[in-house]
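Chains as they are written, first to last, in my numbering: chain E, 1 to 168; chain Y, 169 to 345; chain H, 346 to 525; chain P, 526 to 867; chain C, 868 to 1267.
Hints were generated in silico from the structure; no laboratory data involved.
Worth double-checking, as some hints may not be accurate.
[Claimed, not checked] 25 Å max Cα-Cα, derived DSS-like pairs, lysine-lysine:
{"hint": "1", "chain 1": "C", "residue 1": "K1172", "chain 2": "Y", "residue 2": "K275"}
{"hint": "2", "chain 1": "Y", "residue 1": "K314", "chain 2": "Y", "residue 2": "K265"}
{"hint": "3", "chain 1": "H", "residue 1": "K473", "chain 2": "Y", "residue 2": "K181"}
{"hint": "4", "chain 1": "H", "residue 1": "K370", "chain 2": "H", "residue 2": "K473"}
{"hint": "5", "chain 1": "E", "residue 1": "K70", "chain 2": "E", "residue 2": "K92"}
{"hint": "6", "chain 1": "Y", "residue 1": "K264", "chain 2": "Y", "residue 2": "K203"}
{"hint": "7", "chain 1": "C", "residue 1": "K1244", "chain 2": "C", "residue 2": "K961"}
{"hint": "8", "chain 1": "Y", "residue 1": "K186", "chain 2": "P", "residue 2": "K631"}
{"hint": "9", "chain 1": "Y", "residue 1": "K203", "chain 2": "C", "residue 2": "K1057"}
{"hint": "10", "chain 1": "Y", "residue 1": "K207", "chain 2": "C", "residue 2": "K1172"}
{"hint": "11", "chain 1": "E", "residue 1": "K72", "chain 2": "E", "residue 2": "K41"}
{"hint": "12", "chain 1": "C", "residue 1": "K1013", "chain 2": "C", "residue 2": "K1057"}
{"hint": "13", "chain 1": "C", "residue 1": "K1172", "chain 2": "Y", "residue 2": "K299"}
{"hint": "14", "chain 1": "Y", "residue 1": "K275", "chain 2": "C", "residue 2": "K1187"}
{"hint": "15", "chain 1": "Y", "residue 1": "K314", "chain 2": "H", "residue 2": "K473"}
{"hint": "16", "chain 1": "C", "residue 1": "K1187", "chain 2": "Y", "residue 2": "K299"}
{"hint": "17", "chain 1": "Y", "residue 1": "K207", "chain 2": "C", "residue 2": "K961"}
{"hint": "18", "chain 1": "P", "residue 1": "K598", "chain 2": "P", "residue 2": "K532"}
{"hint": "19", "chain 1": "Y", "residue 1": "K339", "chain 2": "C", "residue 2": "K1187"}
{"hint": "20", "chain 1": "C", "residue 1": "K1172", "chain 2": "Y", "residue 2": "K176"}
What you are looking at is a predicted structure, and each value in this text was computed from that prediction instead of being measured.
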Amino acid sequence: MVNIDNEYILTEITNQFGDKVYSSYEPYGLLTIEFDKNSIKDLLSFLYNHQELQMQFLTDVCGTHYPDVKGKEIGVIYHIHSLINNVRLRVKCYTPIENPSIDSATFLFSSANWQERETFDFYGVNFVGHPNLKRILNADEMDYFPMRKEYPLEDGTRTDKDDSYFGR
Amino acid sequence: MQLTNRSKVVSNKEMSFKEKLYIPAILSGMGVTFKHMFKKSVSLRYPEVTRQFSPVYRGMHVLKRDAEGRENCTACGLCAVSCPAEAITMDAAERKKGEEHLYREEKYAAKYEINMLRCIFCGLCEEACPKDAIYLTDRIVESNYKRNSFVFGKDVLVEKIEDRIDITKRKKSYKID
Amino acid sequence: MSDIKIAQTPPSIEGPGFQATSLDKIIGLARANSLWPLPFATSCCGIEFMATMGSNYDLARFGSERISFSPRQADVLLVAGTISKKMGPVLKQVYLQMAEPRWVIAIGACASSGGVFDTYSVLQGIDKVIPVDVYVPGCPPRPEQIIDGILKLQEIVKNESLRRRNSDEYKALLGSYGIQ
Amino acid sequence: MFLLIFKIALIVILFLISLGVAAYATYGERKVAAFMQDRIGPDRAGPFGLLQPIADGVKMFMKEEIIPNVSDKLLFILGPCIFMITALMTSAVIPWGTAMEFDGVKYGLQVADINIGILYVFGVVSLGVYGIMIGGWASNNKFALLGAVRASSQMISYELAMGMSLIAIIMMSGSLSLNDIVAQQKGLNWNIWYQPLGFIIFLICAFAECNRTPFDLPECETELVGGYHTEYSSMKLGLYLFAEYINMFVSGAIISCLYFGGYNFPGLEYLSTVLNPNLVSIISFGALFTKAIFFVFFFMWIRWTIPRFRYDQLMKLGWQILLPLSILNVLLTGGGLTLFSK
Amino acid sequence: MIESLELNTKSKDEDYNILNLGPTHPATHGVFQNILKMDGEIIHDATSTIGYIHRAFEKIAEHRPFYQITPLTDRLNYCSSPINNMGWHMTVEKLLGVETPKRVDYMRVIIMELARIADHLVCNAVIGVDTGALTGFTYMFQWREKIYDIYEQVCGARLTTNIGRIGGLERDFTPECIRLIREFLNDFPKYFDEFAGLLERNRIFMDRIINVGPISAERALNYGFTGPNLRAAGVDYDVRVMNPYSSYQDFDFAIPLGTQGDTYDRFMVRQHEIRESLKIITQALENLPEGKFFADVPDFFLPPKQEVYNNMEALIFHFKIIMGEATVPVGEVYHSVEGGNGELGFYMVSDGGRAPYRLHFRRPCFIAYQAYPEMIKGSMLSDAILTMSSMNIIAGELDA
């Protein structure tokens, strides 16, 4: 029985993928790796099928937007959980905003389906291989990706307030 | 998959012969409902009878006056800042000479409006107030027919000198070490 | 039940077509005591509406416990909860399917004004889509407030002229929402 | 001549009673539900909310009629009418009390004492399903259609078991006339003591025929919105709802006639020797009425207690359990008769 | 928009009947649309459309200071808002590195477990309603009212509680509040058994929900199920046990499990979780430690009002907190709690500003609801409705 901790996971991943792991750190004890977006499918399958790790539970997929980091504006963040070992892993992949795209995780996790659609809806990430990539929460007619930082939160039709009061 | 040692299976789908017969379970159910027919109703006849809300209930706001009848509010704007619904708006004004009996501080709110339709009664304004001025009370905001009748100004919010709103209980339970 | 108070009639139903006769009053009373709600409950306020239906507050006392989910049979549309822009057309459709006379209560901050959700996806008040008769503030309103809203609506219903639904004002009101 | 006037008067009275009972059954339903759920129920419209049904009725009369464009207009209107008419017609053969006597001539308290009364009841009740079916189909709404289909298949299935359970009664009484069947159950000599199994089967089937919980599939709110009456508004809906309660009342009366001695009660014999026959007649009517109302209450009691069946389970119950049981009941009755009758 | 709701019924095989369930169907307690392809009463295929009450929580959260996000979390799973509130506070506390006193933990546990009871009560009562048994629903809502009373004593609201603050609770439990909790613990089990007696072993009810909408443990995990829905499938994953937060390790409770993941399992798991929650509350109340009801976080937990009125330093802190100018570490944090419907996760990226740079909610309903079409395939319309209500899909959480 190997001791499964962050160090072990990191070693296993780097042994397999080498320089595709761009960086790694452990904020609040959760191993986080920045990974090559083109190999995300391989990484997920590797973790899923690994004898010891058995990271077979996709907790969460979400997107982020960093307008200032050129070439890596849009991020897709996976939280993977190994229920047997009770250890989590966070994988971050970045993709440029001009044509944000990444491979879909639906081949492995059914739960990725809607979460990826949500990420597409919010950030416009194109998940290659997704069976039904269209907007999920917003109306189909919407022509922008509302969670990107440049778009405003407000509806704009509200007439009964004066922003100067609210320090926003 | 066994992850912990604290699990226990609780669902038993096998029916005993008695349960298979339908009738006993139905009869016992009917017994329960019949028993309830003679139980005292728990209903509250609302408009005639009202319920005592808890002293800390978050209902309609009040702008307090101090013991001498002066308005406490100094129009610092913290309540507006802390409002997640952005429902509070105010205009500050300088207190002039001769108005000392009206306003406690040198600045006061010339206009103070809460949009009760926007308000979510979260109580953050009450917490934000550094001047003991705004409190939520255990009165409810009544419904009305027009949308713009819900912008409550100072005429509604500021308590009347002769008709003070009691918030002592609320203050008492409020954050004491 | 005979002590009908002509309460402050809301401006929306005043006008030249308003003429309360005794038949009007009887029918108004009957209607007021038999308001079958169609709960258009989308979120939090829906749970409070359930509580209002429950034993402790018992909406049945006002003759309103037969909730009818078919819009044809309902008299009052209780919009309880956030209405997003995606939902707006559906709400309008439901309103159109209701048989006259129909009333609308906007329950809670979200339905009335958008409340805390001043965002790109939320309709800032259902009165942008359909006419509203009574607004109930609160997020969510207490059952007391919901009952209060229904009582307020009963006042409207009691005092409404039978001819109001054919009046020009009413048609103009509907017209302003794009309903023929 | 007097007979005709008497019958017409009887019809009118029965009609009014049926409507009144139906109206107040809606009120009763709400109150019973309220009491079982620790609530108060309607109490605003009039004292104790007694005017509630009237308020509902007036409201429904004054509500806008909507006939959907896509519907078949004639049938759409016909549906509720058929349902209502059949519901009202059923009560014609029920002997409501002992005979009245005017000028020494006896007049049975029954609109029509036809010798195949039970068959008549069956025939008319089966017609009732057309009201639901036509209404549901003509609405051209999927939920309504599903409700109508459920209603018709349910009624057809349960009529079988119901008929079989009745056969046992007919074997015992040797007559198809409700009047005879009731007349045989003097005092406490009720059929229920001889036919407990038949009674249970009949009761269950009556629930199904009235579309009451646990068999309220045709209109179950949570699945089919309003079932067959989804598209109906105003008084056409009112007719459907009213007819349902009339059906309940009439079923209650028929159950009482078949199994609980109808207008009979212990002491009726004695009373008829000392009192005016007309008075006795009214008292006996009261007895039947009370029994019927009890069954209406029972229907409500069940409704507010148990969940409903699923469509396939309902069919299974009807065909695989109730039907064999009722056949068994017929066999048992036959055996019993041959053993004990001579 | 409306046109898009109507599916093209002229599909290849016209034998199928397209039935549109929602967005305002009575059985969708909340708003989402299911388009069912039916063969008679049998469901052949289904598609779900959601987003009818998308309220852009995540976007709002990027514009609000931390303390103002609490009222937002209320509206996620509004059946059990205190759990969301607490989960959010713990996330921020994790980011700040705050240790909360035991008393805070225990008070939070009491409130969270009450919320869990309230949540499960709604779900199970509504399963009853959907099978046609309305009376149990009204019985259980009486007890929800009692829970509301307790909330009202603690925070002053009934449903959207905004309970607790970052670092603790806004006020200590009053004696009245403790009396109400004890009363609840004392009276509720009897009436709960009565409710259980109405349904649990009633054959009509059992027939209705046994083998309805089953899902295997393997598929459930693949679909990202958590909470009661996953436990009904036989996987004993419970965040309270696996990654204890708020001192859950101190309490002794079992994890109820089902076997097949069908509706009866889900119903029974919830029934028993209510009983386990009662156990936890009893333990927490008995061992409620003395001490402060807030942690030492002057940057976030408001100073007492008396000091604000009289003390300059306190006033400055007060201003800083309200204006959202307190210093926040840069970093990212994921924290999850066992919500009413499963693992409710908060993933927050902080750039040191007054509002989170990015806040993502892992909403268990949203993830689990994808499995719905698969679960109802081949079953009947009535089953589909029961499956939906037993999954306890809360629209607020589904659409965020």
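For this session: Would you check the hint for K370(H) and K473(H), treating anything up to 25 Å between C-alpha atoms as holding?
Result: Judged against 25 Å, a Cα distance of about 31 Å means the pair is violated.
Problem set entry | Satisfaction of hint between K203(Y) and K264(Y), Cα-Cα up to 25 Å | violated, 70 Å
Exercise. Given the hinted pair K70(E) and K92(E), is their alpha-carbon gap at most 25 Å?
Worked result: Given pair K70(E), K92(E) holds - Cα atoms ~16 Å apart, limit 25 Å.
Problem set entry | Given pair status - K1187(C), K339(Y), alpha carbons within 25 Å | holds, 22 Å
Exercise. Going straight from one Cα to the other, do K275(Y) and K1187(C) come out at no more than 25 Å?
Worked result: holds, 21 Å
Exercise. Do the alpha carbons of K1172(C) and K299(Y) lie within 25 Å of each other, as the hint requires?
Worked result: Holds, at about 9 Å.
Exercise. Holds or violated: are the alpha carbons of K203(Y) and K1057(C) at most 25 Å from each other?
Worked result: Satisfied, since the Cα-Cα distance of roughly 14 Å is no more than 25 Å.
Problem set entry | Agreement of K207(Y) and K1172(C) with the hint, judged by alpha carbon distance not exceeding 25 Å | With Cα atoms ~46 Å apart, K207(Y) and K1172(C) exceed 25 Å; violated.
For this session: For the pair we were handed, K598(P) and K532(P), check the Cα-Cα distance against 25 Å.
Result: The hint is violated at about 35 Å.
For this session: Sort out whether K299(Y) lies within 25 Å of K1187(C), counting only the CA atoms.
Result: Cα-Cα ~15 Å, so holds.
Problem set entry | 25 Å Cα cutoff - pair K72(E), K41(E) | Satisfied, since the Cα-Cα distance of roughly 19 Å is no more than 25 Å.
Exercise. Holds or violated: are the alpha carbons of K1244(C) and K961(C) at most 25 Å from each other?
Worked result: Outside the cut-off at roughly 42 Å; violated.
Of the hints listed earlier, those the structure fails to meet are numbers 2, 3, 4, 6, 7, 8, 10, 17, 18 and 20, in rising order.
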